[in-house]
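A.B. asks: Okay, here's what each chain looks like letter by letter:
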Amino acid sequence: MYAKPHKIPGVYLVGKHLATRGAVAYGERAFGEYRLWDPRRSKLAALLKKEADIPLNSEQIVLYLGAASGTTVSHLADIVSLIYAVEFAPRATRDLIFIAEKRTNIIPLFSDASRPDYGHIVELVDLLYQDIAQKKQAEIAITNAEMFLKSKGYACIFIKARSIDVTAKPKAVYRSQVKKLEEVFDILRVHELGPFYRDHAAAIARLR
Amino acid sequence: MTLIKTWFADLEVQDRAIIGSHVCPSDLSSVVARLQEEDYADFDKQYRGVFREMAIQSRFVNAEPEYVAILRAAAITRAKAQITRAFSQPDARITQLIDAIDDIDESINLLSERLAEWCGLEVEQVNQPSVVSAIAPGPSIRGPLAQELALSIGQLRELRQSIAGSIERKMHTTAPNVSNIAGELLGARLMARAGGLEALARMPSSKIQVMGASKALFKHLKYGSKPPKHGLIFQHPLVRGSLARNRGKIARAIASKIAIAARLDFYSKQTYPALMVQLERRISELQKPIRRDPL
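One line per chain: the protein sequences are S and Y, in this order.
Positions 1 to 208 (the numbering used here) are the ones given, in order, by the first sequence.
Positions 1 to 295 (the numbering used here) are the ones given, in order, by the second sequence.
The following block holds chain S by itself, in its conformation from the complex (with noise of 0.2 Å):
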């Protein structure tokens, strides 16, 4: 199967799939080192299906927060240079840690994000990346990227309007929580993730 770059070093096209090159990690399908990234079960992989234009390098390390079964990440691992993944329920940090031993640039950490005791171990990042399901999504954002974020660093916020509130229109919430961003953070553009995600919603941001 032939392999075309993508605009993002790190990433391929094999056919109209994404891809990244790697030792497979949960069961994707995958062609030689070129393995499938499904958007549907990515939301980095929907955000990249949609054309935005998403501040990636191989030399960036970045903090990841609510890195669940470590899916995004072990894909993530694949583009950066070093990845600290917070994850925060005990079942899905078990998956995380069998891909953190399966590759040498993931540090895995069974932390609260919206409570941080992990400023002893974590250094300055390039990428703040958040993807977590609590209703003080921006106040977390916040609070990590003022600890752990280079000034200038860039941010990538996934705002999930449900989980934030059920019954506002997402778009208002959408709103709302860049507005609370703009606090520290110049927003550079919000991408919505339909039809891969419905009411979900990405911010990329720079930290000011």
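Simulated from the structure, these hints should not be mistaken for lab results.
Just so you know, not all the hints are guaranteed correct.
To be verified - Below, in silico cross-link-like pairs of lysine-lysine (DSS-like), each with a Cα-Cα straight-line distance of 25 Å or less:
| # | chain 1 | residue 1 | chain 2 | residue 2 |
| --- | --- | --- | --- | --- |
| 1 | S | Lys169 | Y | Lys226 |
| 2 | Y | Lys45 | S | Lys169 |
| 3 | Y | Lys45 | S | Lys136 |
| 4 | S | Lys171 | Y | Lys222 |
| 5 | Y | Lys222 | S | Lys169 |
| 6 | S | Lys171 | Y | Lys219 |
| 7 | Y | Lys45 | Y | Lys170 |
| 8 | S | Lys136 | Y | Lys215 |
| 9 | Y | Lys170 | S | Lys135 |
All of these numbers come straight from a predicted model, not from anything done at the bench.
Fit chain Y to the known structure of chain S by using the hints.
C.D. replies: Same frame as chain S, now just chain Y:
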């Protein structure tokens, strides 16, 4: 001079230079032990930008790749220990057991239906699932395969019994008050749904009352339909066994006592039997017919 404590060393820093350091040995067990320590204080963000340089300067490691390799190995070891601990908490075990019971119930139903189909072909009288589930493996079920299937179902039922027994014992030690008010199995189910005893203890009683009726609840919040009266709590014999017009009030009374019981269980760990007495009194009050004043 600033003192900073990182995962690899205690450092005294002045004008961005290290003037004193107490470095952790770089073997796995020392680093893991150090990660577990708790007296880490926050420090200026700028120092996080030079962790690797400081680790090399203080001779914790010789080069950057080593820094990442040591931290990765230690973080994996520590995270493993942490989730093992999280999973061995009694409420985590109870959650597992409740899930197992649900799976087994589903399997028993499925297999009973299959058995009924088989028997329906062979024995005319026995073609209702309920009838088959009542029969023990015996001469009424013909054919060696059907016999074996009936036997397996019987075994699953025994397994379910012993799991339920185990839940009851565990609930008595971890959540005696909740068990007393809600019953062991319902209490365990509420705990599992809430995400542990602590989560249940922090829950408002209104949420306990409708937990398990989220579809109806969100329909209510979104479209203004009638709010649900009871969720999982419907399984409580005092709710299920009451007249429909009283169920909402009774569910509310029980939920509020469960909330109190969960807090007792989690924070004080003392049994408080008076709670059940209060609940019973309240319920008998609710069940009295409403006396209308004579005209």
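A.B. asks: Does S/Lys171 pair with Y/Lys219 here, judged by a C-alpha cut-off of 25 Å?
C.D. replies: 20 Å, holds
A.B. asks: Quickly compare the C-alpha distance for S/Lys136 and Y/Lys215 to 25 Å and report which way the hint goes.
C.D. replies: Judged against 25 Å, a Cα distance of about 23 Å means the pair holds.
A.B. asks: Verify the proposed pairing of Y/Lys170 with S/Lys135, using a straight-line Cα cut of 25 Å.
C.D. replies: The hint is violated at about 33 Å.
A.B. asks: Measure nothing beyond the straight line between the CA atoms of Y/Lys45 and S/Lys136; if it is 25 Å or shorter, mark the hint as holding.
C.D. replies: The hint holds at about 23 Å.
A.B. asks: Check whether the Cα positions of Y/Lys45 and Y/Lys170 lie no farther apart than 25 Å.
C.D. replies: Between Y/Lys45 and Y/Lys170 the Cα gap is close to 46 Å, so the pair fails against 25 Å, i.e. violated.
A.B. asks: Please verify whether Y/Lys222 and S/Lys169 have alpha carbons no more than 25 Å apart.
C.D. replies: 11 Å, holds
A.B. asks: Between the alpha carbons of S/Lys171 and Y/Lys222, is the straight-line distance 25 Å or under?
C.D. replies: 16 Å, holds
A.B. asks: For a C-alpha distance cap of 25 Å, please report whether Y/Lys45 and S/Lys169 respect it.
C.D. replies: Cα-Cα ~37 Å, so violated.
A.B. asks: Given the hinted pair S/Lys169 and Y/Lys226, is their Cα-Cα distance within 25 Å?
C.D. replies: 21 Å, holds
Checked against the numbered hints given earlier, the structure breaks hints 2, 7, 9 and satisfies all the rest.
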